[in-house]
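K.L.:
Top to bottom, those sequences are chains P and D. Under the working numbering, the first residue of the first sequence is numbered 1, with each subsequent residue one higher. Under the working numbering, the first residue of the second sequence is numbered 1, with each subsequent residue one higher.
These are computed hints drawn from the structure, not numbers from a lab. A few of these clues could be false.
To be verified - Label pairs and their in silico Cβ distance ranges:
1. D:I289 x P:K267: 23 to 31 Å
2. P:D143 x D:A151: 40 to 48 Å
3. D:P162 x P:D143: 51 to 59 Å
4. P:P96 x D:D126: 36 to 44 Å
5. D:R503 x P:K89: 33 to 41 Å
6. P:I102 x D:I289: 52 to 60 Å
7. D:V273 x P:D275: 49 to 57 Å
8. D:P107 x P:D275: 46 to 54 Å
9. P:G251 x D:P162: 14 to 22 Å
10. D:K144 x P:T361: 22 to 30 Å
11. P:G251 x D:D442: 53 to 61 Å
Stated by the list, open to error - Okay, derived cross-link-like pairs now, SDA-like style, lysine to any residue, Cα gap no bigger than 25 Å in a straight line:
12. D:K149 x P:G305
13. P:K137 x P:E87
14. D:K149 x P:G362
15. P:K229 x D:K300
16. P:K304 x P:P104
17. D:K499 x P:D253
18. D:K149 x P:E87
19. P:K325 x P:G362
20. D:K88 x D:I252
21. D:K140 x P:D270
22. D:K160 x D:A321
23. D:K300 x D:S216
24. D:K154 x P:S255
25. D:K158 x P:K345
26. P:K267 x D:S216
27. P:K345 x D:S216
28. P:K267 x D:K158
29. D:K194 x D:R215
30. P:K229 x D:R370
31. P:K304 x D:F147
32. D:K156 x P:K137
33. P:K304 x D:K300
34. P:K249 x D:K499
35. D:K149 x P:I105
36. D:K158 x P:K137
37. D:K156 x P:E87
38. P:K277 x D:G197
39. D:K300 x D:E209
40. P:K73 x P:N38
As the structure is a prediction and not an experimental result, all values here were calculated from the model. Each residue gets a CB set at the ideal place from its N, CA and C atoms; glycine is no exception.
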Amino acid sequence: MSHNFQKDISGCGLIGIINKDGKRISGGFICKSLCLMNDRGNGLGAGYAAYGIYPEYKDFYAFHIMYDELGAKTDTEEYLKKNYQIEKKEPIPTAPVEGIAIHPILWRYFVKPLPEKAERETAWLPDDDFVVRTVMKINSEIDGAYVFSSGKNMGAFKGVGMPSEIARFFRLEEYEGYIWTGHTRFPTNTPGWWGGAHPFTLLDWSIVHNGEISSYGINKRYLEMYGYKLTLLTDTEVVTYLFDLMVRKHGLDASTACTALAAPFWKNIDDMPEDEKAAMTALRMVYGSALMNGPFSILFGHSKGLVGFNDRIKLRPLVAATKGKTVYMASEESAIREICSSPDKVWAPRAGEPVIVELETGKGQ
Amino acid sequence: MFRSLAVPEFLAKIDQVKCIRCKRCIQNCGWSVYSWGGDKVLIDTFKCVKCLRCYHYCPEEAITIEDNPVKYRSNANWGFYQIRNIKKQAETGGIPLTGMGSDMPYPVLFDNLLIDACQVTNPSIDPLREPMELRTYLGKKPAKLEFEKVAGGKPKLKTKMPPQIKLEMPFIFAPMSYGSISLNAQKTLAIAAKELGIVMNTGEGGLHEDIYPYRSNIIVQVASGRFGVNPDYLNAGVAVEIKIGQGAKPGIGGHLPGEKIPLDIAKTRMIPVGTDAISPAPQHDIYSIEDLRQLIFAIKEATNYTKPVSVKIAAVHNVAAIASGIVRAGADIVYIDGFRGGTGAAPVIIRDHLGIPIEYALAAVDERLRQEGIRNEASIIAAGGIRSCADAAKAIALGADAVALGTSALITMGCTVCGKCYTGNCSWGITTQRPELTVRLDPEVYAERLINLIHAWSHELKEILGALGVNAIESLRGSRERLRGVGLDGQTLDLLGVKPAGR
Ligand code: SF4
Ligand code: SF4
């Protein structure tokens with residue numbers, strides 16, 4: 001692989017860190033790494049997702065919500081109160097930062113769907129589905145309210161600013177997580193908006209994404225058929241929802257889901273042994289509309305692991321490295337070396353081949 | 001005989017100086033326009049249909065076929081054909097027939113749609129350097145898959161997949177029966193389909209034994225006449241299609257007169273020689289969607305659930321609801337034939353005034369099936385007026401899995417869309433059974449042209465995908481985001497699910 005550390009000025013930068021042993025580290029690390037890739041962003045969006053940061057509330061869904069104005073907050077809280085047991089609510093702690101003059105109202109809630117049927121509008125849904133529905137509802141029906149994240153023991157912190165500004169603004173050094181992902185953004189096709197920064201999340205899925213999805217149109221219509229409401233001004237939310245559909249609803253494992261999203265070419269499938277060929281052919285037939293076409297590298301985080309992968313012809317960079325029980329994935333090797341100067345192993349995953357890292361059993365919960 | 005007062009449409013002219021009296025034009029014209037006058041070729045221009053066979057076969061370029069400059073006095077309301085049809089009807093008392101798709105100037109929405117392309121932020125892909133995939137499977141797809149992990153970590157499929165038609169490119173040949181077209185024309189389609197890895201469709205005329213070798217590239221059709229239908233026939237191809245209607249003549253049947261039923265056609269259709277082959281307007285065992293369901297499952301039983309069943313309908317006003325019913329009735333494929341679709345013979349009045357164009361129908365059906373969450377239950381074939389790869393790409397972006405080509409395939413065999421197929425005199429040997437005409441169509445020779453056409457369209461489609469920055473056809477399918485409308489009103493855009501250009 002190439003060891004020249006030249007910068008390629010385009011798109012976005014991303015970084016992910018996972019400690020397989022569940023050891024929690026401060027947000028300071030990831031921020032340092034991401035800041036090295038400032039060229040990959042233009043100050044119009046940066047964000048982080050962290051897993052393991054709310055151990056004392058680990059049984060509650062942690063809602064990070066941004067509001068444009070207080071009315072949206074009132075409406076949202078009214079809905080939450082009716083349907084959820086709210087264990088705790090508080091403003092998300094922030095610090096004044098020079099580069100961030102204005103910001104939305106930011107609150108977090110630790111909640112559980114109410115079990116009593118009367119209070120819950122659609123009581124027959126399992127908790128996760130009900131939370132998904134709540135997120136869709138708030139995002140699409142309450143003007144000026146937008147859910148940053150809704151998973152357990154995790155959270156998304158994002159906004160309009162450079163990575164270091166966003167990290168300082170959200171006081172990320174005070175959080176400790178066993179998985180961190182970060183993203184700096186060079187938006188071209190969607191305006192800089194706090195909700196539009198990465199990561200995009202749903203339940204405990206989080207996605208950071210470098211690239212543009214040229215198949216957005218059909219991916220979106222495919223998801224809509226399953227009741228997802230795509231309300232955002234960016235195409236990355238389709239990635240989040242596709243994972244949700246395939247992994248949580250359809251029960252595919254992460255690697256199979258990645259294979260469907262960045263499917264092997266027919267010419268390779270045709271040469272596979274019979275069983276594999278049948279599996280891959282069916283996967284492409286059934287999930288053709290979920291195929292993500294166009295340039296991308298993606299980090300997909302969830303409470304038990306981290307997956308990194310590329311589009312089927314690797315039009316965007318992705319590098320991975322390991323050091324002990326820690327795995328790093330980033331747009332650039334230099335971003336990894338910035339926080340891990342001598343990794344045990346460094347490699348560039350091949351097009352469409354996911355790097356799947358799972359926590360050791362029993363860790364990180 | 002009373003001389004027709006219907007003004008001839010065309011004037012056939014021979015330059016007597018250039019003419020070498022070889023009489024080829026006399027031989028070639030299926031409509032007997034030319035005859036030998038002892039020292040020169042005589043012309044009965046009333047019979048000329050401008051199929052241009054003579055023009056192409058005259059060695060001296062002595063022939064010109066002009067549109068008759070003599071028209072009725074111009075009148076914005078009473079057009080030439082309105083007056084002419086009345087005169088013809090006054091002479092015959094009959095229903096004027098026609099062939100091919102409607103030639104009326106109804107708007108063609110394909111011409112108001114433009115396709116996106118990549119610039120900078122999402123790179124385009126060069127189809128000459130990178131793989132570009134057109135492979136398409138037609139049939140019912142389960143909503144989700146189940147796998148089991150086997151040793152080595154490779155997923156093994158647990159879900160049983162319903163039968164599919166595999167196409168190397170998203171094109172198929174539209175159903176055209178033996179009877180409406182010649183056996184040589186059918187053979188041409190079959191040879192090309194096999195070579196290309198796509199399929200042709202027998203139409204409703206049964207399956208001639210000469211076509212049997214191409215069975216893995218054939219869809220067999222069951223229509224209201226039930227010609228040639230038996231268990232072998234149903235199992236002969238890769239799929240079975242139930243024909244409910246045809247875009248050029250929705251709601252009406254077909255009638256092949258006894259004179260056009262020689263032994264070979266009679267055998268293929270399994271009817272006596274010389275009897276009229278009548279396809280009733282409805283199928284007499286289908287008077288409701290429940291009846292259709294029964295037929296679908298009767299066919300599935302007869303084929304042991306190994307073949308997808310397609311249902312072909314004409315695009316009519318309520319097509320979305322009808323298609324949804326068809327899918328719920330168990331069809332694996334819905335074939336929608338638009339208003340501009342071709343025909344071997346149809347009353348002008350029906351062809352030109354009944355049904356709706358494919359663009360509207362396709363958009364409505366794809367959207368409805370998605371709203372109902374059953375789009376995966378069936379594939380959609382769009383037909384009726386696909387004139388180019390651009391039309392095909394736009395139809396796919398609107399939601400079609402594949403498009404069917406009828407007229408465009410015939411054009412590669414020499415057809416000039418003269419629209420006189422119903423006469424059975426096609427000079428190109430396509431829509432005729434006259435042996436002296438059909439021998440002209442050498443299947444091997446013309447299959448090559450047809451293959452060329454589909455290859456050309458496939459290359460064009462790959463270029464379009466590359467410009468869109470995607471490398472598989474499924475990323476274009478239903479991706480209306482990649483279409484923009486020009487010169488369309490808000491309601492039409494809304495119906496098509498397409499944004500206006502500039503947005
Ligand atoms: S084919 Fe041409 S050259 Fe021959 S007889 Fe006819 S008009 Fe004359
Ligand atoms: S098939 Fe023959 S008769 Fe029919 S339009 Fe074409 S050239 Fe004319």
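K.L.:
Checking against the hints above, which ones are violated?
P.N.:
1, 2, 3, 4, 15, 16, 17, 18, 22, 25, 27, 32, 33, 34, 35, 36, 37, 40
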